[in-house]
Amino acid sequence: MDKSGNVGYNKTKTKTGEFMDAIRIENCTFTYEGDTLPAVDHVSLTVREGEFVAILGHNGSGKSSLAKLMNALETPDEGTVTVAGMRTDETDKLWQIRAEAGMVFQNPDNQIVAAIVEDDVAFGPENIGVKPAEIRRRVDEALAAVGMSAYAKHAPHTLSGGQKQRVAIAGILALQSRIIILDEPTAMLDPLGRREVLDTIRRLNRDDGITIVLITHFMEEAALADRVFVMEDARLVAEGTPREVFADRDMLRRTGLTPPNPVRLRNCLTDEGLALPADAFTDEEVIEEICRSL
Amino acid sequence: MSIVVKNLTHIYDQGGPFEAKALDGVSFEAHEPAIIGLMGHTGCGKSTLVQHLNALLLPTAGSVVVCGIDTRTDKSRLRELRHRVGMVFQYPEYQLFEETVARDIAFGLRDSGLSEEEKKKRVRAAMEEVALDYDTYAEKSPFDLSGGQKRRAAIAGVLVMEPEILVMDEPAAGLDPRGKEEIDDIIRRYHEKHGATVLIVTHNMDEAAALCSRILVMENGTIAADGSPRQVFSDAERVKAVGLDVPYAARTAAALISRGVPVRPDVLTVEELAAEILRIKEERRA
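Going down the list, the protein sequences come from chains A and B. With the numbering used here, the residue at position 196 of the first sequence is 196, and numbering never jumps. With the numbering used here, the residue at position 96 of the second sequence is 1096, and numbering never jumps.
Hints listed in this document are in silico derivations from the structure and should not be mistaken for laboratory results. All values reported here derive from a predicted model rather than from experimental measurement. Among the hints, erroneous ones may be present.
As the list claims (entries may be wrong) - Simulated restraints, written as ranges between beta carbons of each label pair:
hint, chain 1, residue 1, chain 2, residue 2, range
1, A, R249, B, A1254, 52 to 60 Å
2, B, L1058, A, R243, 53 to 61 Å
3, B, F1028, A, E134, 38 to 46 Å
4, A, L73, B, R1189, 57 to 65 Å
5, A, E284, B, S1141, 25 to 33 Å
6, A, R243, B, L1056, 27 to 35 Å
7, B, E1192, A, R243, 54 to 62 Å
8, A, T158, B, A1254, 32 to 40 Å
9, A, G85, B, E1098, 32 to 40 Å
10, B, E1029, A, E288, 40 to 48 Å
11, B, F1143, A, V113, 49 to 57 Å
12, B, N1220, A, E288, 34 to 42 Å
13, A, R206, B, Y1012, 52 to 60 Å
14, B, L1056, A, L94, 41 to 49 Å
Stated by the list, open to error - A short, non-exhaustive set of chain B residues, derived as facing chain A with CB atoms under 8 Å:
hint, residue
15, A1173
16, A1241
17, G1243
18, L1278
19, K1281
All residues carry an ideal CB built from backbone N, CA and C; glycine is no exception.
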């Protein structure tokens, strides 16, 4: 961190200016105290700078544990986790890592601390000693980035669930984090709230190059990611583009995951003798292929 | 078992600084056992409406008569009403508190006058309803269960009362796909076995389309639509106008129709839509 409190974006680049991996998990195993079975079992994966990845899996599959490893809430028993070039087992880097990789949780009511929206967003930078004028600028920018500027002076309890989650995201942006890890951020929201949160994280990813790690049960959300990881019984059992992962019917059956609706329709038709190309994936593509096949 | 809501209006904090009309002349009746979906975006009045069904809230105007009990006039029967109408609130597992699963589920029976043996039988039956094995889980702490199991234990605590009407506010919210299916199975099973009416508040159109025989759509404290899922969801414009999504199958059917593929517009599930497409394929081949 430099004197103005900036957590340098440059850290994630090598000396030659190439992008580094945002998160690198190497052969990690992690067991909670008192448990016999590991929650994460020999998992390796890499999230690249500026990437939007989704992690799927049933409750208990290890995906939330994986998220906790990603921002040093937990450290692995075996293997290493590297976030923006910093290893999470180096305890002096803890706060830098958490400033670099912010986390949003499922329950919007459990992560707001202040009585006014803008104070809540300012909480992080205040804690690390950012100067007031700089805080003001960051809070305004962060609220604008999540489309919540009009609510800066509102009390958080008057906001909808989707708005609260966007405030939580703004709090991370105000720390100038380049990585946001979201653990089922839309599970408790209504359809409108879900859309607000999804649109916000997609925009931050696309326009500002923020790296997104989205843990979700909603296949339609995972379908929007660049890459999908599937966890099952503490292990990583599949990874690839959503198109590839959702085409692997054996894996989906084994893990009990239901593919997104267009893929389900394609599978249904293929099973009944109307074979559609296995890479038809989006709503439009499947409709197009149906029209062509008739 | 019947619900008769007539011209129900509810105003919070009437005459006070935060006066707000949450329900505005709502009327609907349900006499036959059914699984009814109550939909509408946040703030439309759903929660206010369901809280009237067991007299947690009383009408500002109009009337609510459930199982023959008028919530405004039959004051002496409200306790009976609350036994006959079971309420499962959002995230009911937050309300688990007892030392064992069996004791938590039995809590509602404490003043029932049933013998210990009877109570145990009822708890066992309720656990069976929610697919929690009695011998495995009865003596466990509820806090040692998984998220989905906690949810089901909390639901069993309501089912143990054997309510004729079961009201559930987003019973599957926050669960993984497997957990959601389990909840849907519980609802179907309870409805069929006990001839109960189940009223579910849900945001999930695909779930509602597959599970419910009737859908009530609310908007701004009024009923905006009331009919079978087929009727309600085939009017896509209206559904969108109240801020809800149309189920995937209905949406895709509309897109196919606009491309000249004459599928039925009122399909509800992916399987139904696939059957329609195959039917057209056959017709064109012939």
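Check: Within 32 to 40 Å or not, the Cβ separation of T158 (chain A) and A1254 (chain B)?
Finding: 37 Å, holds
Next item on the list: Hint says 27 to 35 Å; check whether the CB-CB distance for R243 (chain A) and L1056 (chain B) agrees.
Entry: 48 Å, violated
Next item on the list: Return holds or violated for the Cβ distance of E284 (chain A) and S1141 (chain B) against the range 25 to 33 Å.
Entry: 50 Å, violated
Notebook entry, point to check: Taking the beta carbons of E1029 (chain B) and E288 (chain A), is their distance inside 40 to 48 Å?
Noted result: 45 Å, holds
Check: Hey, does the A1173 (chain B) contact hint survive, CB to chain A under 8 Å?
Finding: At 6 Å from the nearest chain A Cβ, A1173 (chain B) passes the 8 Å test, so the hint holds.
Next item on the list: Can you let me know if the beta-carbon spacing of G85 (chain A) and E1098 (chain B) is within 32 to 40 Å?
Entry: Given a distance of about 49 Å, which is not inside 32 to 40 Å, the answer is violated.
Next item on the list: Check the following: the C-beta atoms of R206 (chain A) and Y1012 (chain B) are separated by a distance inside 52 to 60 Å.
Entry: 42 Å, violated
Checklist line | Distance restraint hint 57 to 65 Å, applied to the beta-carbon atoms of L73 (chain A) and R1189 (chain B) | finding: Once the Cβ atoms are compared, 39 Å apart, the range 57 to 65 Å for R1189 (chain B) and L73 (chain A) is violated.
Note to self: Given a hint of 34 to 42 Å, does the C-beta separation of N1220 (chain B) and E288 (chain A) actually sit inside it?
What the structure shows: Because 39 Å falls inside the window, the suggested range holds.
Margin query: Given a hint of 54 to 62 Å, does the C-beta separation of E1192 (chain B) and R243 (chain A) actually sit inside it?
Written below: Since the Cβ atoms of E1192 (chain B) and R243 (chain A) sit about 40 Å apart, the hinted range of 54 to 62 Å is violated.
Check: Per the CB criterion, is A1241 (chain B) less than 8 Å away from chain A?
Finding: Interface hint status for A1241 (chain B): violated (14 Å vs cutoff 8 Å).
Next item on the list: Would you settle whether the hint for L1278 (chain B) is holds or violated, based on the nearest Cβ-Cβ distance to chain A being less than 8 Å?
Entry: 5 Å, holds
Hints 1, 3, 4, 5, 6, 7, 9, 11, 13 and 16 from the earlier list are contradicted by this structure; the remaining hints agree with it.
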